[in-house]
Amino acid sequence: MEQIKITGLSFSYPNTNGTGLSDMNLSVQKGDFILLFGRSGCGKSTFLKQLKPVIAPFGKRKGSIEFCGRDITSLSHREQSTAIGFVSQNPDNQIVTDKVWHELAFGLESLGCDSKTIRLRVAEMASFFGIQDWFYKPVTELSGGQRQILNLASVMVMQPQVLLLDEPTSQLDPIATANFVQMLRKINEELDVTILISEHHLEEVLPVCSRVLFMDGGRLVLDTKPREIGREMNRINSDMAAALPDCVKIFTAFCSGESPVNVKEAKQWLEATVRPQAEPETKPEQKQPLPDGAPAVTLSDVWFRYDKKERDIVKGVSLQIRQGTVYSIVGGNGVGKSTLLSLIGGVYAPYRGKVKLFGQDLFKIKPEERYRDLFGYLPQEPQNLFRRKTVRLDLEELAARISPDRESAEAQIKNVSEFFHLEPLLARHPFDLSGGEQQCAAMAKVMLTNPRILLLDEPTKGIDSVFKQKLSQWLKALKAQGKTIVLVSHDLDFCADCSDVCALMFNGEIIAENTVRQFFTGNRFYTTPLNRIVRDIFPNCLTYEEVIPLCRENLIRG
Numbered sequence: 001m002e003q004i005k006i007t008g009l010s011f012s013y014p015n016t017n018g019t020g021l022s023d024m025n026l027s028v029q030k031g032d033f034i035l036l037f038g039r040s041g042c043g044k045s046t047f048l049k050q051l052k053p054v055i056a057p058f059g060k061r062k063g064s065i066e067f068c069g070r071d072i073t074s075l076s077h078r079e080q081s082t083a084i085g086f087v088s089q090n091p092d093n094q095i096v097t098d099k100v101w102h103e104l105a106f107g108l109e110s111l112g113c114d115s116k117t118i119r120l121r122v123a124e125m126a127s128f129f130g131i132q133d134w135f136y137k138p139v140t141e142l143s144g145g146q147r148q149i150l151n152l153a154s155v156m157v158m159q160p161q162v163l164l165l166d167e168p169t170s171q172l173d174p175i176a177t178a179n180f181v182q183m184l185r186k187i188n189e190e191l192d193v194t195i196l197i198s199e200h201h202l203e204e205v206l207p208v209c210s211r212v213l214f215m216d217g218g219r220l221v222l223d224t225k226p227r228e229i230g231r232e233m234n235r236i237n238s239d240m241a242a243a244l245p246d247c248v249k250i251f252t253a254f255c256s257g258e259s260p261v262n263v264k265e266a267k268q269w270l271e272a273t274v275r276p277q278a279e280p281e282t283k284p285e286q287k288q289p290l291p292d293g294a295p296a297v298t299l300s301d302v303w304f305r306y307d308k309k310e311r312d313i314v315k316g317v318s319l320q321i322r323q324g325t326v327y328s329i330v331g332g333n334g335v336g337k338s339t340l341l342s343l344i345g346g347v348y349a350p351y352r353g354k355v356k357l358f359g360q361d362l363f364k365i366k367p368e369e370r371y372r373d374l375f376g377y378l379p380q381e382p383q384n385l386f387r388r389k390t391v392r393l394d395l396e397e398l399a400a401r402i403s404p405d406r407e408s409a410e411a412q413i414k415n416v417s418e419f420f421h422l423e424p425l426l427a428r429h430p431f432d433l434s435g436g437e438q439q440c441a442a443m444a445k446v447m448l449t450n451p452r453i454l455l456l457d458e459p460t461k462g463i464d465s466v467f468k469q470k471l472s473q474w475l476k477a478l479k480a481q482g483k484t485i486v487l488v489s490h491d492l493d494f495c496a497d498c499s500d501v502c503a504l505m506f507n508g509e510i511i512a513e514n515t516v517r518q519f520f521t522g523n524r525f526y527t528t529p530l531n532r533i534v535r536d537i538f539p540n541c542l543t544y545e546e547v548i549p550l551c552r553e554n555l556i557r558g
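Residue 1 is where the sequence shown starts when you use the UniProt record's numbering, and the numbers rise one by one after that.
No wet-lab data here; the hints were simulated from the structure.
Even glycine gets a Cβ: it sits at the ideal position worked out from N, Cα and C.
Don't take each hint at face value.
[Unchecked claim] Here are the simulated DSSO-like pairs of lysine-lysine, each with C-alpha atoms no more than 30 Å apart in a straight line:
#1 K483 with K366
#2 K49 with K99
#3 K364 with K309
#4 K52 with K30
#5 K30 with K49
#6 K137 with K186
#7 K354 with K476
#8 K52 with K389
#9 K366 with K308
#10 K49 with K186
#11 K309 with K354
#12 K389 with K470
#13 K315 with K137
#14 K60 with K30
#15 K414 with K476
#16 K356 with K483
#17 K308 with K137
#18 K30 with K225
#19 K470 with K49
#20 K52 with K116
#21 K186 with K52
#22 K389 with K414
#23 K186 with K264
#24 K483 with K354
#25 K315 with K366
#26 K225 with K267
#27 K470 with K225
#28 K315 with K354
#29 K225 with K186
[To be verified] Here are the simulated distance ranges between beta carbons:
#30 K364 with F58: 44 to 54 Å
#31 K225 with K308: 50 to 60 Å
#32 L120 with D312: 39 to 49 Å
#33 E271 with G112: 52 to 62 Å
#34 E368 with D216: 41 to 51 Å
#35 F135 with K315: 26 to 36 Å
#36 P367 with S115: 49 to 59 Å
#37 L111 with F58: 19 to 29 Å
#38 D133 with K5: 35 to 45 Å
All chains should be built: construct the whole structure from the sequences, respecting the hints.
Right under this line is the structure:
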């Protein structure tokens, strides 16, 4: 049964030359599980929000959207609230109450449901999502993964027919992402809820979806099946094929049929294709020493808690980060990674232990000196960096502070705008940008400061795979200039590609630290998707770029 019919949909934001969406036509059947992907700023978020008019952005719209045979704009606020659920990438933007149980009940209370109905639905949904153990907890005590599950459950308690999700896993660690996506699969299969989800990281979603849509420049370019997306992306010769999971990319590099969509299928295909003599040729590398050189950042027995009555968030962390290296910190949600980065940046002060930069006590360096050319800090929420009404004004304000010479400031703005593809966005309000566009605008501000130490919290959040490769090359270039980069990330592929050293944080402590190859090849979960596929054949490989030449040169049976 056709549930949503979209005909000739176009949309443009005010004060922009281009269009957000252009002549989109789509039919969504009841029970579909649709994955939507494309470049940052291609219109994914704009499109999803058109399917729930109460949250649609302001602008000029053409075309029609029918929901169950009715013009979607004719649905009342109450009908939209119950029939169409929306989950954003940041759960903190949707959670509005202080307790878990109250958040689950809030939507129903707002609709005036009676207490018996509320209690029944909340109990049912808490059981379905496994929330019983933290049902009475304050929301502030939940991990990022738990908050996103709560966000999803709070939408599902309204019993929607359609569920829209805008990059819901962008702030989740790999294990929490897998759990979240499996919960979506259950909702789709067991509750028969139609799902449309936009994502940049496709490894978990592709195996469970029924259709894949590829968008480019506000247009719907492909509408195909998961096992055919690799072949179709090659057919249209799109560089966004880089966004596809490694299991698809490896297969389509050599075959043109329907591709594997998960690690198990890819391993079976590869093992049937690779010659047996591959094993003795791919011995793991000898253990490599950690980078040497003068330390840029030194932490000595650092402890921190947000309140003296609360638990410690960082517990006795000691580490040295050498000059001219990229140091990545990975780990689950809520283990203290962002807090540790804030301690390095002087946002917080430890109650025990020392933080030193280039051998000098951090807190003996004047704050104005820290952020003039010493630090560049990208917070987890890039919106915190924006102060003005347009992206251009934000950049101009910072450039003027750093470079009094107007001509030099304009040149710097031009350079960062070109690098981060901000030219079409300069006249827009930063809060009107997509998540990926906001991330790029925030990094442009950080780049303007030309810091010696760069602190990046989730730098690839919301960014497409093509630009992610460019960002990795930029960090490597900065490293070659002697810059030191410390990044916190859930993006294991990105960390494997650009890092020198990787550390795993758990329960407030750094429990493992090693060179990037030794780190990832020694882990089962905290490793790259590619390594999971090939570790029995090429145990030392971490990336697609490493595996393909090996296969091409010697190992694929003719």
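Consistency of the hints with the structure:
1. The suggested pairing of K483 with K366 holds, with an alpha-carbon distance near 21 Å, which does not exceed 30 Å.
2. With a C-alpha separation of about 27 Å, the suggested pairing of K49 with K99 holds against the 30 Å cut-off.
3. Note on K364 and K309: the hinted pairing holds, with a Cα-Cα distance of about 27 Å set against a maximum of 30 Å.
4. The suggested pairing of K52 with K30 holds, with an alpha-carbon distance near 17 Å, which does not exceed 30 Å.
5. For the hint pairing K30 with K49, the CA-to-CA distance comes to about 19 Å; that is within 30 Å, so the pair holds.
6. Under the criterion of a C-alpha separation no larger than 30 Å, the hint pairing K137 with K186 is consistent with the structure, at around 25 Å.
7. For the given pair, K354 sits about 29 Å from K476 by alpha-carbon distance, which is consistent with the 30 Å threshold.
8. Simply put, K52 and K389 have alpha-carbon atoms about 26 Å apart, close enough for the 30 Å limit, and the pair holds.
9. With a C-alpha separation of about 26 Å, the suggested pair K366 and K308 falls inside the 30 Å cut-off, and the hint holds.
10. Restraint check: the Cα-Cα separation between K49 and K186 comes to about 24 Å, which is no more than 30 Å; the hinted pair holds.
11. With a C-alpha separation of about 22 Å, the suggested pairing of K309 with K354 holds against the 30 Å cut-off.
12. Taken as a hint, the K389 and K470 pair is honoured in the structure, with Cα atoms around 28 Å apart against an allowance of 30 Å.
13. Of the supplied pair hints, the one linking K315 and K137 holds, its CA atoms being roughly 23 Å apart against a limit of 30 Å.
14. For the given pair, K60 sits about 28 Å from K30 by alpha-carbon distance, which is consistent with the 30 Å threshold.
15. In summary, the hint linking K414 to K476 is supported, as the alpha carbons are separated by about 22 Å, within the 30 Å threshold.
16. Taking the CA atoms of K356 and K483, the gap is near 16 Å; set against the 30 Å cutoff, the hint holds.
17. For the proposed pair K308 and K137, the alpha carbon gap of about 20 Å is at most 30 Å, so the pair holds.
18. For the hint linking K30 to K225, the alpha-carbon distance of about 16 Å falls within 30 Å, and the restraint holds.
19. The suggested pairing of K470 with K49 holds, with an alpha-carbon distance near 29 Å, which does not exceed 30 Å.
20. Between K52 and K116, the direct Cα distance comes to roughly 28 Å. Compliance with the 30 Å bound is thereby established for this hinted pair.
21. The suggested pairing of K186 with K52 holds, with an alpha-carbon distance near 23 Å, which does not exceed 30 Å.
22. Note on K389 and K414: the hinted pairing holds, with a Cα-Cα distance of about 19 Å set against a maximum of 30 Å.
23. Among the hinted pairs, K186 with K264 is consistent with the structure: their alpha-carbon atoms are about 20 Å apart, no more than 30 Å.
24. Under the criterion of a C-alpha separation no larger than 30 Å, the hint pairing K483 with K354 is consistent with the structure, at around 22 Å.
25. With a C-alpha separation of about 26 Å, the suggested pairing of K315 with K366 holds against the 30 Å cut-off.
26. Only pairs whose Cα atoms come within 30 Å are accepted, and K225 paired with K267 is accepted, the gap being roughly 21 Å.
27. Restraint check for K470 and K225: satisfied, since their Cα atoms lie roughly 29 Å apart, inside the 30 Å limit.
28. This hinted pair checks out: K315 and K354 have alpha carbons roughly 13 Å apart, not beyond 30 Å.
29. Of the supplied pair hints, the one linking K225 and K186 holds, its CA atoms being roughly 20 Å apart against a limit of 30 Å.
30. At about 49 Å, the beta-carbon gap between K364 and F58 stays in the expected band of 44 to 54 Å.
31. Look at K225 against K308: about 56 Å separates their beta carbons, and that is inside 50 to 60 Å.
32. Taking the beta carbon of each, L120 and D312 are about 40 Å apart, inside 39 to 49 Å as hinted.
33. Checked against the given bound of 52 to 62 Å, the beta carbons of E271 and G112, roughly 59 Å apart, stay inside it.
34. Between E368 and D216 the beta carbon distance is about 44 Å. The supplied range of 41 to 51 Å therefore holds.
35. Between F135 and K315, the C-beta spacing of about 28 Å keeps the proposed range 26 to 36 Å intact.
36. Checked against the given bound of 49 to 59 Å, the beta carbons of P367 and S115, roughly 52 Å apart, stay inside it.
37. Distance hint check: the CB atoms of L111 and F58 are about 26 Å apart, consistent with the given range 19 to 29 Å.
38. In this structure, D133 and K5 meet the distance hint of 35 to 45 Å, their C-beta atoms being roughly 42 Å apart.
No hint from the list above goes unmet by this structure.
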